[in-house]
Structures are given as C-alpha cells and as structure tokens.
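Residue numbers (the working numbering), protein chains in the order written: chain A, 1 to 550; chain B, 1 to 550; chain C, 1 to 277; chain D, 1 to 277.
These aren't lab readings, by the way, just hints derived from the structure by calculation.
There could be a bad hint or two in this list.
As the list claims (entries may be wrong) - Here are the computed lysine-lysine pairs in the DSBU-like style, where the Cα-Cα straight-line distance is at most 35 Å:
hint, chain 1, residue 1, chain 2, residue 2
1, B, 150, A, 451
2, D, 83, A, 362
3, B, 150, C, 262
4, A, 224, D, 271
5, A, 80, B, 150
6, D, 270, A, 149
7, A, 518, B, 150
8, D, 262, A, 437
9, A, 177, A, 149
10, A, 544, B, 423
11, D, 262, A, 224
12, C, 83, B, 427
13, A, 150, C, 83
14, D, 57, C, 137
15, C, 137, D, 137
Please read all numbers here as calculations on a predicted model, not as lab measurements.
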Amino acid sequence: MESLSVFIGGRAGDGIDQASLLIGKLLNQFGYYIYIYRDYPSLIRGGHTFSIVRAAQARIGAHRQTVDVLLALNQDCLDKHKDKRHSRTIVVYDSDVVKSDGLGIPLTSMVKEAGGPEIMRNTAMLGALAKVLGLPWEKFEAIARANLKKETELNIALARKGYSAADIFYKIEAQNKPPLPILTGNEALALGLSAAGLDAYVAYPMTPSSTILHFLAEHADELKLKVIHPESEIAVIMMALGFAYAGRRAAVGTSGGGFCLMTEGLSFAGMAELPVVIVLGQRPGPSTGLPTYSSQTELLFALWSGQGEFSRLIVAPGDAEEAYYWSGVALRLAWKYQLPAIILTDKNVAEGTYNFDPKEIKQLPEESLDLWSGSGEYLRYQETASGVSPLAFPGEPGRVVKINSYEHEENGTTTEDRPLTKKMQEKRLRKGIALIKEIEGLEAVKVYGRKEAKTAVVCWGSGKHLCVEATEKLDVRVVMPLVLSPLPLVQLRRALEGTHQIIIVEDNATAQLAQLLKLGGIKVDAVILTYDGRPETVEQLEEKIARGVR
Amino acid sequence: MESLSVFIGGRAGDGIDQASLLIGKLLNQFGYYIYIYRDYPSLIRGGHTFSIVRAAQARIGAHRQTVDVLLALNQDCLDKHKDKRHSRTIVVYDSDVVKSDGLGIPLTSMVKEAGGPEIMRNTAMLGALAKVLGLPWEKFEAIARANLKKETELNIALARKGYSAADIFYKIEAQNKPPLPILTGNEALALGLSAAGLDAYVAYPMTPSSTILHFLAEHADELKLKVIHPESEIAVIMMALGFAYAGRRAAVGTSGGGFCLMTEGLSFAGMAELPVVIVLGQRPGPSTGLPTYSSQTELLFALWSGQGEFSRLIVAPGDAEEAYYWSGVALRLAWKYQLPAIILTDKNVAEGTYNFDPKEIKQLPEESLDLWSGSGEYLRYQETASGVSPLAFPGEPGRVVKINSYEHEENGTTTEDRPLTKKMQEKRLRKGIALIKEIEGLEAVKVYGRKEAKTAVVCWGSGKHLCVEATEKLDVRVVMPLVLSPLPLVQLRRALEGTHQIIIVEDNATAQLAQLLKLGGIKVDAVILTYDGRPETVEQLEEKIARGVR
Amino acid sequence: MNEGQTPILWCPGCGNFAVLNVMREVLTELQAEGVPLEQVVLAAGIGQHAKIVDYLKVNSFYALHGRAVAAAEGIKLANPRLKVIVFVGDGDSYGEGLEHLIFAAKRNIDLTVVVHNNRVYALTTGQYTPTSPLGYKGRSTPEGTHEHPLNPLELLLAAGATYLARGYNAKTEQLKLLLKEAILHPGFALIDLLQVCVTFYNQYDHYNQRGYELTGHNHADYNEALSKIKEWDYNSDARIALGKFYQVERPTFDSFFRGDNKVDREPVIKKLFERMV
Amino acid sequence: MNEGQTPILWCPGCGNFAVLNVMREVLTELQAEGVPLEQVVLAAGIGQHAKIVDYLKVNSFYALHGRAVAAAEGIKLANPRLKVIVFVGDGDSYGEGLEHLIFAAKRNIDLTVVVHNNRVYALTTGQYTPTSPLGYKGRSTPEGTHEHPLNPLELLLAAGATYLARGYNAKTEQLKLLLKEAILHPGFALIDLLQVCVTFYNQYDHYNQRGYELTGHNHADYNEALSKIKEWDYNSDARIALGKFYQVERPTFDSFFRGDNKVDREPVIKKLFERMV
Ligand SMILES: Cc1ncc(C[n+]2csc(CCOP(=O)(O)OP(=O)(O)O)c2C)c(N)n1
Ligand SMILES: Cc1ncc(C[n+]2csc(CCOP(=O)(O)OP(=O)(O)O)c2C)c(N)n1
Ligand code: SF4
Ligand code: SF4
Ligand SMILES: [Mg+2]
Ligand SMILES: [Mg+2]
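Build the full structure now, drawing on both the sequences and the hints.
Structure (structure tokens):
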C-alpha cells in the first residue's frame with residue numbers, strides 16, 4: 001500500500017492517545033513513515049477525542065480528508081466524522097454502544113466478561129485492527145507485548161478476542177526500510193536540546209509544551225539533567241537565567257500566557273546577555289483561548305516581546321526531525337551569541353507524532369564559546385568587533401563576574417553615561433548582525449516541490465508538510481523558513497528567485513509571516529489563513545492553493 | 001524677547017525640579033509658551049541633575065544648544081555643560097562652592113546666615129534670576145508667595161537677598177497672552193482621562209509613569225476617583241479588568257518592565273472584550289536600562305504584545321496638550337469598542353512640563369456606548385455587524401453577565417467548537433475595522449512646517465516639537481501620526497502626498513515607526529535615530545535633517 | 001441556575017460535582033434570604049475547578065490561571081454592593097497566584113475565596129502543587145518531589161485573613177454552611193476545600209478516615225485557630241480538622257472605597273487648571 | 001572589595017551605608033575563615049538596596065525588581081558550591097516578588113536573603129510598601145493607607161524558612177553576626193533588616209527607642225519564635241526584637257540537585273531512540 005490512514009476516536013479517558021501510538025508503532029514496523037494527529041478537548045474524561053494515524057512511503061505530517069479504517073469507541077466517531085469516510089472506509093465499532101454499518105464487535109461485553117476495566121476496549125479494538133490490516137497475530141502480539149507493560153496478559157487476551165472477531169480487509173506489505181523511532185515533536189525537541197548540551201530544564205506546565213517537562217523529568221536521571229518545576233513562569237525564566245549566569249545551559253517551555261509572564265525576563269536576558277532557550281508552543285488565543293488546539297499567532301509577539309531593543313534567535317521547526325535539529329541549533333547559538341533563543345512550535349508540531357531516522361539528522365554547528373582567556377581584569381561586557389564578549393562564570397578565582405539589568409560599563413557596574421549607553425546598545429545589536437551571517441551559513445530555508453515553479457507557497461512550522469503534500473500535483477514550489485529572526489533574507493530571496501507569485505499559508509488571522517516578509521522587502525501576493533485551531537486537510541488546502549495559483 | 005532659555009543644575013536633592021517649575025511659572029506670567037526639560041539620574045540625593053526652562057512665543061517642546069542664563073548650584077553645571085553656553089550666556093553661581101566667571105553669589109553662606117536648610121539655596125538663586133531677567137521685585141514676590149507654601153517668609157527673605165546681590169541682564173516683556181496652566185505631560189494625561197470619565201486609576205510605581213499615580217492620588221478626592229496601588233503590575237491590570245467588568249472605567253500606568261507583566265492581562269482584555277487604558281511610558285531598555293531617561297522603543301512591542309490576535313488602539317501624544325486630548329480619546333474609544341487602548345508616552349513627554357490653553361483643546365468624541373436594550377436573554381458576546389456587542393454590567397436584575405478568557409459562545413460560556421472559534425475570532429477583529437473608520441474621522445495625523453515641501457520628516461511622540469523646530473529653516477514638512485494602531489493610513493497618505501522623500505526621526509535603534517510605515521506600504525528613504533536616552537537639541541537634529549534632505 | 005445546555009466536563013466521581021451542587025443550594029438559599037442573585041459575581045481561575053462558572057447561570061468572570069483573586073478585588077472595589085465569590089485551584093492560587101491571595105487577605109477585602117484543593121494540577125494532568133505531599137510523584141516529579149507542602153491556612157492566617165475554614169466535598173452539609181458563612185462574612189474569607197480528584201490523586205479513603213468535624217473550637221482566638229490549623233500540615237498522617245478555624249472582624253479595604261464617582265468633573269478640572277497657572 | 005571608582009549614590013545618613021560596610025567586613029571575615037570570595041555570588045533586586053552590588057567587587061547578579069530570589073535559586077541549583085546572598089528591598093521582595101520568597105522558604109533552598117526593609121519604595125520616591133504602617137502617607141496614598149502591614153517574618157515562618165532574624169543598620173556588630181550566621185546556615189535564611197531611609201521614612205528615633213536585643217531565646221522552638229516574631233507587627237508601638245528568632249535544620253532543596261551533568265549524552269539518546277521504535 002502507498003499509504004494508510006487509521007482513525008480512532010472515543011471519549012477523553014478512553015485511552016485514544018495510547019492506542020493511536022500503538023497503531024503508529026505497529027505500522028512503523030513495516031517501514032512506513034508515520035504521522036499521528038491528536039485532537040482532544042481541554043478536559044480529562046468525557047468529551048470527544050480522536051487521533052488519526054497515517055502511514056506513508058514518504059515523509060508526512062498532515063492528514064487527508066478520508067481515512068481507510070475508522071475505529072469507533074463511541075457514537076460521536078460516526079456522527080461527527082461522516083466526512084472522513086470514503087467509499088471503502090472500514091468502520092470497526094463497539095457494537096455495544098455504537099450503531100453503524102461495518103464491522104461491529106461487542107467490545108464492552110468482551111471487556112466486561114474478561115473482567116478488565118473499560119479502558120481495555122481499546123486493546124480489543126487494536127486486536128481487531130490488526131486483523132483488518134491483515135497482520136499475522138504473532139507479529140501483532142510481539143509489538144503489543146513490548147508496549148503494554150501493565151496487565152499484559154489480560155490485554156493480550158482481549159486483543160486476541162478482538163482479532164478473532166474481525167476480518168481481513170487490507171494487506172500491509174513491509175517496506176524496504178527498518179522501523180524508526182517514533183516520537184512527538186516535543187520529545188524530539190527535548191532530545192535535541194539534550195544532545196546539544198542542555199544542563200537544566202525549568203518549566204511550569206502549559207499545553208502544548210507540558211510534555212517536554214514530562215519527558216525530560218522522566219529521563220532526567222539517564223540524561224543527567226536538572227529538571228525543575230517552580231511556582232510560576234516568572235520564576236521559571238529567572239531561574240533559567242540564574243543557571244545561565246552560573247554557566248549552565250537552561251531551557252524553558254511554555255505557551256502564550258506563560259510567555260507573557262516571561263517577557264520581562266526575556267528583555268533582561270537581552271540586556272544582561274544571558275543565553276536562554278524558550279520553547280513557545282502556540283495555541284489559539286487570545287488569552288486562554290483553545291488550550292489543546294493549534295495556531296501560529298505568536299510570531300510577531302515573539303519577535304518584539306520585551307521592552308527595549310535586542311537581538312534574538314527565533315526558529316520554527318516543522319516536524320519532529322526539525323525540532324530535534326533546530327532546538328540543538330537554538331541552544332548552541334544562544335550560547336555562542338549570549339542571547340535569548342525562542343523555539344516557536346505550534347500544537348500540531350509539538351504534540352504531533354512522527355518517526356524519523358536519527359542518522360539522517362544534520363550535524364549541529366560546532367560548540368564554539370568564546371571563553372575568557374583568564375588574563376587581566378575580567379570584563380563581562382567587553383567591547384569586541386562582533387559584540388560578543390568573552391564568557392566566564394562565577395566560582396573560579398581571578399575573576400569577578402557581574403551581570404546587570406541596568407545599562408552598564410564593560411565590567412558590569414551600572415552606568416547612565418550618555419556615550420556609553422550608545423556604545424553598549426550598539427554592541428548588543430551587533431551580535432544580531434553576526435548572528436545573521438551564522439544563520440545564512442545554515443540551511444535556514446527549505447524548498448520543496450517543483451523548484452522552478454513560478455508560484456511559491458511560503459509557510460512555516462506545521463504548515464510545511466501540509467503545504468508540501470497539498471501542492472504535489474500543482475506547479476508550485478514550497479518555501480519554508482526555519483529561522484524567523486534574524487530573517488535569512490539571502491536564502492529566502494534565493495529560494496524565491498524566479499517566482500511570479502508568492503502565496504502565504506499560515507494558521508492565523510493577520511498573516512504574520514506575510515508581514516515579516518513585507519518588512520524584509522518581499523512582496524506577498526496572496527494569503528491563505530486558517531484560525532479555528534484545527535489543521536486543514538491536504539485536500540482542503542490543495543483546493544485553496546489551486547484556486548489561488550495564477 | 002523672542003525666546004529665553006534658563007538652565008538650572010545641581011545635585012539630586014537640591015530642589016532643581018521645584019525651582020525649575022517656579023522659573024517656568026515666572027516666565028509663564030509674561031505670556032510665553034513654556035517647556036521644561038528635566039534631566040536627572042536614578043537616585044534621590046547626589047549625582048548631577050538639571051533642568052532647562054524655555055520660554056518662547058510659539059508652542060515649544062524641545063531645547064536648543066545654548067541657554068541664556070545658566071544657574072549653577074554645583075561645579076558640574078559648568079564642567080559638564082560647557083557646550084550650553086553662547087557668548088552672552090549669563091552664569092549665576094553659588095560662589096561658595098562653584099568656580100566660574102559670571103555672577104557669583106555666596107548662596108551657601110546666605111542660607112547659613114539666615115538659618116535656612118541648604119535646599120533654600122535655590123530660592124536665593126531664583127531671586128537672583130528675577131533680577132537678571134529684569135523683573136520688578138513685587139512681581140516676583142507675588143509669584144513666589146503663591147508657590148512657596150512652606151516657610152514662606154524665610155524663602156522670601158532669601159530670594160530678596162539673591163535679588164539684591166544680582167544685576168539686570170535681560171529685559172522680559174509681557175506678551176499679549178494670559179498666563180496658562182503649566183503642567184507635565186503626565187498631569188495633562190491624568191486630567192484628560194479624568195475629563196473623559198475615568199472611574200479608577202490602578203498602578204504600581206514605575207518611572208516615567210509614577211507621577212500619574214501621584215497626581216491622581218493627590219486629587220482623588222476632588223475628582224471622586226478610586227486610586228489604588230496594589231502589590232504588582234499583574235494585580236494592577238487584573239484589578240483594572242475587574243473594574244471594567246463591573247462597568248467602571250479604569251486606567252493603569254507603567255513602563256516597559258511592568259508592561260511585560262501586564263501582557264497576559266492585555267491579551268485577556270482582547271479575548272474578554274474588556275476595555276482598559278494602559279499608559280506605557282517609554283525609557284531606554286532593554287530591561288531596567290536607564291530608568292530616568294527617554295526612548296521610543298516600545299512601539300512594536302505595544303503593537304504585538306499578548307498572545308493571540310486582537311485589535312487594540314495605540315495613541316502617542318507629543319506634548320501635554322495632546323496628552324490631555326488623546327488620553328480622553330483613548331478612554332472613550334476603548335469603551336466604545338470594548339478593547340484595550342495603550343497610551344504610548346516617552347519620558348520626555350511624560351515628565352516634560354508645558355503650558356497650554358485648555359480652551360483650545362478639541363472636543364472629545366461623543367460618549368457613545370452601545371448599551372444593552374434590556375430585552376431578551378443578555379448575550380455578552382452577541383454577534384453584530386461591527387463586532388461590538390451591546391454592553392451590560394452585573395448587579396442589575398434580568399441579566400447574567402459572563403465574560404471568559406477561553407473562546408466562548410455569545411453568552412460567554414466556554415466553547416471549543418470549530419466554526420464558532422472562527423466566528424468569534426472574526427467578530428473581535430471586525431472591531432478593529434470599525435475602529436479604523438473612527439480614527440480616520442479624527443485628526444489622527446498632524447502636518448507642520450511647509451505643507452507643500454517635497455521632503456517629509458515623520459516622527460512621533462516627543463519627536464514632534466523637536467522636528468518642527470529643527471525644520472523651521474528647511475524646506476520640509478513634518479508629519480506626525482498620533483494614532484499608531486490602527487494606523488490611519490488614509491490620513492498618512494494624504495499628509496505625505498506629493499513628497500519625494502520621507503525621513504523618519506525616532507528615539508530608538510531599529511527604526512520602529514519606519515517598520516510600521518513599511519507595513520502600511522509607505523516607503524521610507526532615510527532614518528535618523530538616537531538611542532542614548534537624551535533628546536537631541538534642535539540644532540543637532542537640524543543639521544542631521546539638513547544633511548539628509550535631497 | 002444551571003445553563004442546562006452546557007455539558008459538564010468533569011470525570012465521573014470528581015469532587016467538583018458536589019461543590020457545584022452545594023453551590024447551587026447555597027445560592028438558592030441566599031437568594032431566599034435576601035441576597036439578590038444578580039448581585040452575585042463568580043470569578044474563577046483556570047483549571048478543573050474553574051469550569052464551575054460555566055455551569056451556573058450567574059454573573060461570572062472566567063479569568064486567568066492564578067489571577068482570579070486580583071480581578072475579583074477590582075470587581076469588588078468597582079461596585080462594593082456586589083457579592084464576589086472566587087473559585088480557584090490549588091495550583092492556581094496557592095501556586096501561580098499566591099501573592100494575590102496574601103495581599104487580598106492583608107487588605108481584608110470583602111471576598112469569598114473557595115480553593116478547590118485537590119492537591120494536583122488536574123487540568124494539566126496531575127503535576128504536583130504547593131499542597132501535594134513530600135515525595136508526590138507527578139509527571140513533572142516522577143521520582144517524587146523534594147518539597148514539603150505549604151500549609152495555606154497557616155500562611156493566610158499570618159497574612160491577615162479574617163475568616164478561614166476547611167471543607168471537604170464529601171461533607172456537603174458542612175460545606176454548605178461554611179460557604180454561606182464565608183459569603184456572608186464581611187471581609188476576606190477563604191475556604192480550603194478538600195476537593196478530591198479521583199483521576200490523579202484520589203484521597204477519599206484518607207480524608208474519610210482522618211477527617212473530623214471541628215467542634216467546641218474558639219474561632220475568635222488566633223492562637224487556638226493556629227494550633228488547629230497546624231494540626232495537619234498537608235503531609236503528615238495527622239487528623240484533619242474540617243470546619244471553621246478562624247473568624248474575626250476588621251475594617252474591610254473596600255469599605256474605604258464606597259460611593260460612586262458622581263461629581264461633575266468639568267468644574268473640578270477647571271479649578272485644577274487655574275491652580276496650575 | 002570596593003570598586004573604588006564607582007561613586008556611592010545613597011543619601012547622606014542612609015542606613016544602606018552601614019549595610020555596605022558590615023557586608024565588607026563579613027566577606028573579609030568569611031574569606032579568612034575559608035569561604036573563598038570567588039564562590040560568593042551577590043544577587044539583588046531593583047531599588048536603593050540593590051545598589052550595594054555595584055559597590056562590592058564580588059560576583060553579582062543585578063536582577064529585576066522582585067525577581068532576585070528566583071534568579072538566585074537558579075544560580076544555587078546550577079552550582080551548589082556557590083554561596084548566594086540576595087539583597088532585596090521590602091517593596092521588591094515583600095511586594096512585587098513575595099511569592100518567590102515564600103517558595104524559596106518552602107523549598108528550604110540554601111540562600112541568604114537580606115531584606116533592606118526601609119518600609120518605603122525609596123528609589124521611586126517614597127510610596128508605601130507591604131511593611132509600611134497603617135495610615136502611612138506616601139505619594140500613592142496621600143491620605144494614608146487603608147492596609148495593615150504584613151509581618152514578613154510571620155509569613156516566612158509559616159512558609160518553612162529555617163533561619164529568620166531581624167537586624168538593624170544601626171546595630172552593626174549584631175548585624176555582622178547575624179549576616180555571618182545566616183550565610184553559613186545550610187538552608188533558607190532571611191534577615192529582615194531595618195534599614196532606615198532618612199529621606200522618606202526616618203525611623204531612627206523609633207527604632208533606637210523600641211529596639212532591643214533578643215537574648216535567652218530558644219530559637220529552635222517554633223512557638224517561641226512565633227511569639228517573639230509577633231511581638232511587633234510593624235504597626236503597633238511595641239518593643240522591637242533584634243536578633244535571631246528561629247533556626248532549625250531541614251534537608252535543602254539544592255542538596256537533591258548536587259553533582260554536575262557529566263554523562264556522555266550520545267549513547268543515552270541513542271538508547272532512548274531505540275526504545276521508541
Ligand atoms: C500562566 C499560565 N500558566 C499555565 C497555564 C496552564 N494551566 C492551566 S490549568 C493549570 C493547572 C490547574 O491546576 P489547579 O489550579 O490546581 O486546578 P485544577 O485543575 O486542579 O482544578 C495550568 C498549569 C495557564 N493556563 N496559564
Ligand atoms: C516590574 C517593575 N515595576 C516597577 C519598577 C520600578 N521600581 C524600581 S525600584 C522600585 C521600588 C523599590 O522599593 P524597594 O524594593 O523597597 O527598594 P528601596 O528603594 O526602598 O531600597 C520600583 C517600584 C521596576 N523596576 N520594575
Ligand atoms: S481530573 Fe480530577 S479534578 Fe479534573 S475532573 Fe477529573 S477527577 Fe475532577
Ligand atoms: S532615599 Fe532613602 S533608602 Fe534611598 S538612599 Fe536615600 S535614605 Fe537611603
Ligand atoms: Mg488542583
Ligand atoms: Mg524599600
């Protein structure tokens with residue numbers, strides 16, 4: 001099969017999340033690329049939640065209009081998702097609670113008979129799915145055993161029942177590719193930071209960034225990381241800056257509301273030249289908004305937040321693989337240039353699940369801190385051509401390390417002197433110039449699709465896979481900047497060379513990337529905007545783009 | 001005399017501030033326009049502080065390279081301000097502690113003899129100034145008596161001594177204009193808000209906005225205002241939003257660091273459609289920066305702060321008169337459109353002292369709240385063509401008023417529904433469209449200088465008077481937008497019609513207004529930027545502009 | 001008072017259901033006793049607790065995580081006739097927004113704060129909060145916390161609260177009395193409400209065993225209140241007193257801001273301008 | 001330790017001079033006793049108090065108004081060998097940043113916090129703070145405040161601080177002893193330092209009259225500490241105890257984060273990837 005989509009839905013608390021990951025792992029064994037989209041409301045039990053697991057031969061990160069298998073644990077899966085069925089979609093449902101055509105299995109009674117908790121309906125459902133997909137039982141059992149660590153025997157028994165009750169509808173064939181690690185954007189991001197030398201992760205929970213905290217807390221011991229969850233986001237950013245001062249690399253993670261509370265610390269990082277990485281996971285706002293859905297509304301806020309003017313790095317990965325690599329870049333460059341770096345994710349990337357081959361990840365830029373030589377008086381803010389002052393940390397003899405939120409002398413003491421103010425402001429902004437050069441040396445803009453096409457679709461973050469797939473049949477190139485500040489204009493212009501039309505696709509209502517490009521002198525011809533929290537399907541976007549292409 | 005500049009300087013704690021206000025009031029009596037610039041460090045006693053009091057026949061709000069009288073209470077006044085003297089500048093100095101040419105008066109001994117505290121040196125100095133300016137003693141005494149409410153007799157006696165010890169150098173002639181109220185930008189702003197119907201002012205002290213709090217607290221009783229100083233800026237904005245919900249008009253004031261802490265509340269105001277006025281006084285950053293100096297660095301931050309997308313009003317007055325009028329407009333329109341309004345001041349406007357004729361102030365836009373009719377179920381977020389929903393407040397029977405930081409239904413209860421999310425987002429943004437129309441109906445862009453000139457200098461805030469005066473001799477028009485969001489593009493384009501060159505002048509390092517104009521499709525040819533916290537002199541700017549004009 | 005249409009989104013068995021039901025009764029009774037319902041405003045933070053305002057057809061201010069108390073203060077100061085009741089979470093108001101709580105108590109502003117203290121961040125899936133016990137294993141502390149819990153009542157007593165009680169969602173009759181009493185208390189009243197989260201920290205057995213009703217207690221006595229408050233530190237296996245610990249009267253902050261701003265500003269401003277000449 | 005070049009920008013007579021001088025001595029003595037100066041980090045808020053870090057040639061972190069304590073926690077957790085001393089103001093840390101103080105005490109993280117409690121916002125020209133007395137007339141409350149002061153020591157005792165003392169800038173010998181003791185205390189130590197602001201709230205006479213040295217006090221006893229702490233509530237005309245109120249030992253938060261991250265991450269991450277297949 002070229003590709004396969006499996007939908008699984010139920011109420012929050014039905015274990016949809018775990019089940020969909022297991023489906024992903026199953027399909028992963030056959031050498032497919034996997035993408036799982038999770039749609040869940042802001043509550044713990046009840047409501048309606050679903051996942052779509054997609055397997056394909058190419059890298060993916062979007063979902064299509066219809067699914068091939070629809071696993072229904074409740075009636076909503078049918079009533080709310082009629083449009084997800086094509087003529088041959090197999091519906092598998094719990095016939096005890098759902099009315100439908102297709103393959104009904106009495107999951108509730110099965111589980112009750114076996115004496116299992118209701119949540120085990122999904123194991124029985126997975127067994128049924130295995131059969132539907134034509135998997136040999138042994139293959140399925142092996143994977144299920146490896147992943148169902150609690151009550152394994154009961155689970156396996158229930159899966160077996162589901163398997164027996166179902167029929168074969170599809171035939172999965174193994175691709176010529178080994179199974180790959182399968183992980184969320186947030187997990188990849190966490191590992192990327194770790195690989196780049198993170199010492200501490202400090203965070204207050206907030207969707208869609210909480211799972212970074214959970215993941216790193218879980219693995220803190222193995223990774224030898226300090227993971228701290230303090231009283232508020234203000235404490236978070238200040239602690240992280242304390243880490244930086246002491247020479248330890250810290251990252252923090254939050255969403256818009258928490259980021260607001262960090263902006264004073266962000267500005268402080270700019271003035272004090274303390275490196276810090278901030279993961280800003282976007283979700284629809286304003287304010288509390290839709291906590292568990294996705295948006296791309298914080299680009300301009302991230303760019304100009306914090307009083308005063310200072311350089312910052314903003315990267316926006318488009319899938320797990322990019323999250324891994326670019327979070328590493330962000331950490332390395334934050335330290336090299338002693339400035340704050342923001343990793344702008346959106347819920348779709350943060351909580352989307354992907355697989356990728358770690359061996360294919362690009363090498364991180366070299367660790368290249370400009371460390372103090374140790375001779376003479378240490379000047380924390382020494383003037384240099386690049387604006388970057390040699391680093392030293394407190395704790396060792398022969399140096400006094402003073403950082404300051406006021407304007408300051410080279411040695412870090414407060415000043416209100418007029419020429420010095422100007423000089424220091426220029427020193428700090430000079431780092432931004434150096435950073436642009438650095439960024440232009442990386443692959444900061446990617447081009448997909450027909451590279452010679454006259455129409456370019458420009459997108460960012462989770463828009464990438466969606467646009468790439470939506471334009472497969474169109475005479476369009478897809479341009480995706482991975483760095484949004486400083487904007488890699490040389491690469492962008494190169495990527496756009498020869499286009500007659502630029503169409504922007506983003507998940508917001510005010511076309512923020514379009515505005516940024518405009519500031520960079522790039523003329524935008526049209527924008528395609530969505531702002532209802534959900535990703536479009538490939539087909540929906542394809543139609544809009546096709547209509548727009550001149 | 002056309003115009004006159006008096007410099008007075010000493011250490012912080014020498015009473016320079018009060019003394020300069022008295023000088024201003026003195027000159028005010030003769031029918032001049034007055035502008036006082038205050039330059040002081042971030043400390044209470046010591047350091048070096050000075051004021052320049054200027055009187056002129058035209059409206060002013062800038063200072064020139066040189067002064068006519070230099071009153072020196074310490075040696076720094078001479079050592080640090082050599083460039084402020086022209087060939088006929090009269091230096092009056094305390095000969096007990098300062099070495100200089102000019103008119104030395106033993107102020108310290110005079111005060112000691114009279115048994116007064118050291119700070120009374122400045123009264124004696126003022127007496128001397130009165131003589132220098134050729135004022136009859138009686139005239140001076142009357143004004144001094146009206147303003148020196150403590151230890152009046154001792155003060156008058158000391159002033160008399162200073163008067164006697166000095167000589168006449170200038171001759172002030174009364175202009176044909178009555179004396180005008182003389183007040184700071186912040187005081188004018190506070191009164192403008194009061195005039196427009198403010199019910200409460202909530203603030204945590206922060207330079208350069210603290211004096212709004214002080215002024216309104218002082219006059220709370222007369223104005224029947226509730227003035228509250230809570231534990232933090234977070235509490236400030238939340239309390240203000242509580243006031244708005246209850247139907248009472250609240251404003252808050254802060255500077256960049258405090259504003260950071262308010263951004264979460266700002267975004268909440270956007271979502272919940274709660275009106276609030278935020279005074280954001282700009283000073284050099286990033287971070288604590290230079291607390292007592294000036295900048296224009298928060299324009300883009302103000303514009304995009306807070307997660308999510310929502311409309312906001314941003315006005316930026318250029319002197320006390322505009323502060324009075326535009327703060328009133330801000331309050332009225334915040335309520336009319338149920339959104340946050342930001343009054344962007346800079347330290348030079350906020351703490352600069354001006355006089356103006358209250359009778360000349362334009363009429364505020366009518367109070368025109370769209371109040372709920374009272375029939376049917378009350379829907380706080382009712383869909384309407386303009387996006388503005390009828391207002392009602394809790395406390396009266398027959399209505400249930402629910403506001404919400406989550407995305408919500410028309411009645412205010414939480415929703416995660418997809419079409420509703422889109423609809424509500426559009427409703428909120430629609431208010432911004434209506435607001436543009438409203439703004440275009442006001443005089444939101446001012447044009448000064450030679451209105452037909454081919455070169456336009458575009459500036460904002462305290463840049464206005466500086467640019468107007470600096471271009472007096474040049475073939476240049478000065479264009480000043482008073483509203484920065486939504487940008488009054490129709491008026492701006494009209495104001496720029498026929499120009500061949502646009503030069504931006506602002507107090508920041510990244511040309512923020514220029515970026516904003518660029519987003520509005522206006523091409524900027526050159527920028528003149530300062531970012532050392534101090535205003536330029538008219539002559540310095542004149543030279544830069546003259547060099548730039550094509 | 002129920003919206004009817006709005007589906008209730010708590011887990012089956014959640015302690016919040018009882019709070020909602022009790023609150024309905026309280027409002028009905030208060031109304032019968034002469035507190036007009038339209039003068040009641042409910043404020044809420046963000047968390048499972050906060051959903052209660054969606055389920056009651058009463059004026060409400062659904063605020064930010066940690067910030068409901070400050071907003072409620074604004075509402076009360078704006079219109080002191082309103083009865084403002086604030087539903088907050090333990091993460092919400094003993095964590096993120098603790099400062100507002102302490103200052104509201106310091107001011108003795110007339111609010112009723114109901115803390116749904118389930119001792120977890122429930123809505124964000126069960127991380128530890130300031131009242132989770134030492135060693136609590138949540139998703140941010142899988143090895144167990146290294147922090148002793150705060151005793152919020154001790155802290156608020158020190159801060160100046162004039163009414164302090166502890167309720168339990170399973171003792172609905174008592175809870176109803178406490179809620180009414182707190183709402184009618186003229187000053188800052190706080191109920192630390194042991195609200196069981198069955199999903200992330202099911203303490204029903206523990207509270208049922210250890211909880212006891214506070215009787216014969218002199219709630220006007222600071223020291224006695226303190227000693228009862230300190231009996232259980234949210235960590236030890238001690239008895240858990242349920243009831244009113246403390247109640248005294250002090251002038252309220254809002255009482256200094258009564259009266260609405262009914263003055264013709266124009267002449268006042270004119271006079272001020274004249275003084276500035 | 002003095003920069004020499006940096007002019008000192010406090011008013012003549014300001015209590016901060018004494019604090020600076022005592023601090024110099026303390027650092028010199030500690031150094032002599034084996035605490036290497038390079039392992040000392042001074043953190044500060046924003047306010048008059050904070051300028052002290054400009055005047056000492058020692059590692060320093062000049063932070064934000066209200067946020068020094070949180071930053072100091074990060075420094076300590078990053079490198080537990082550092083001795084972190086935090087100079088904060090009363091507006092700064094009993095007001096804007098109170099929450100951080102309470103949580104640092106709760107965690108019993110090994111910090112020394114010195115609160116220059118002049119009971120005014122001095123740098124912003126004398127507004128009331130959380131410890132100004134009821135009725136204090138500052139520029140934001142010209143008619144006098146309507147709020148009782150907080151008793152910060154009572155609050156911090158409730159929060160879990162393990163060392164609490166009150167100093168006075170005019171009692172320099174005692175202050176020196178307290179500072180040294182607090183710095184050497186393994187855990188969260190706080191000195192409420194009555195630092196007189198001669199310009200905005202000159203309390204020299206009052207403190208000189210009312211202040212007395214705490215002797216014969218059992219500082220290991222919570223109740224005794226509390227009763228001494230409550231003797232003066234920052235409002236009444238009571239005697240003002242100066243000295244150490246409380247000291248006990250509890251495991252510190254930072255002790256759970258010792259050890260630096262010295263592991264080769266590559267193989268660990270590889271293994272994690274494998275587990276994710
Ligand atoms: C500033 C901010 N930080 C974080 C969050 C995410 N958040 C929402 S609810 C919640 C925890 C709620 O815990 P609690 O207050 O105890 O309420 P419960 O769900 O337990 O009732 C958090 C951290 C947020 N909404 N805002
Ligand atoms: C977020 C923020 N709000 C307000 C300020 C302005 N500010 C600077 S110092 C200060 C008051 C300081 O008072 P305190 O902490 O008591 O220190 P003191 O000057 O009395 O030593 C304030 C309000 C600020 N810098 N940052
Ligand atoms: S997660 Fe806990 S608090 Fe939330 S609804 Fe479920 S049981 Fe109640
Ligand atoms: S204002 Fe007060 S605290 Fe500040 S330096 Fe002067 S006396 Fe000291
Ligand atoms: Mg909770
Ligand atoms: Mg103070």
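Against the structure, the hints come out as follows:
1. 150(B) / 451(A): violated, 80 Å
2. 83(D) / 362(A): Distance ~41 Å between residue 83(D) and residue 362(A) Cα, so the pair is violated.
3. 150(B) / 262(C): holds, 33 Å
4. 224(A) / 271(D): holds, 14 Å
5. 80(A) / 150(B): Measuring from Cα to Cα gives roughly 78 Å; hence the hint is violated.
6. 270(D) / 149(A): holds, 22 Å
7. 518(A) / 150(B): violated, 60 Å
8. 262(D) / 437(A): Given pair residue 262(D), residue 437(A) holds - Cα atoms ~32 Å apart, limit 35 Å.
9. 177(A) / 149(A): Holds, at about 27 Å.
10. 544(A) / 423(B): holds, 20 Å
11. 262(D) / 224(A): holds, 7 Å
12. 83(C) / 427(B): holds, 31 Å
13. 150(A) / 83(C): The given pair, whose Cα atoms are some 50 Å apart, is violated under the 35 Å limit.
14. 57(D) / 137(C): violated, 43 Å
15. 137(C) / 137(D): Since the Cα atoms of residue 137(C) and residue 137(D) sit roughly 49 Å apart, the hinted pair is violated (cutoff 35 Å).
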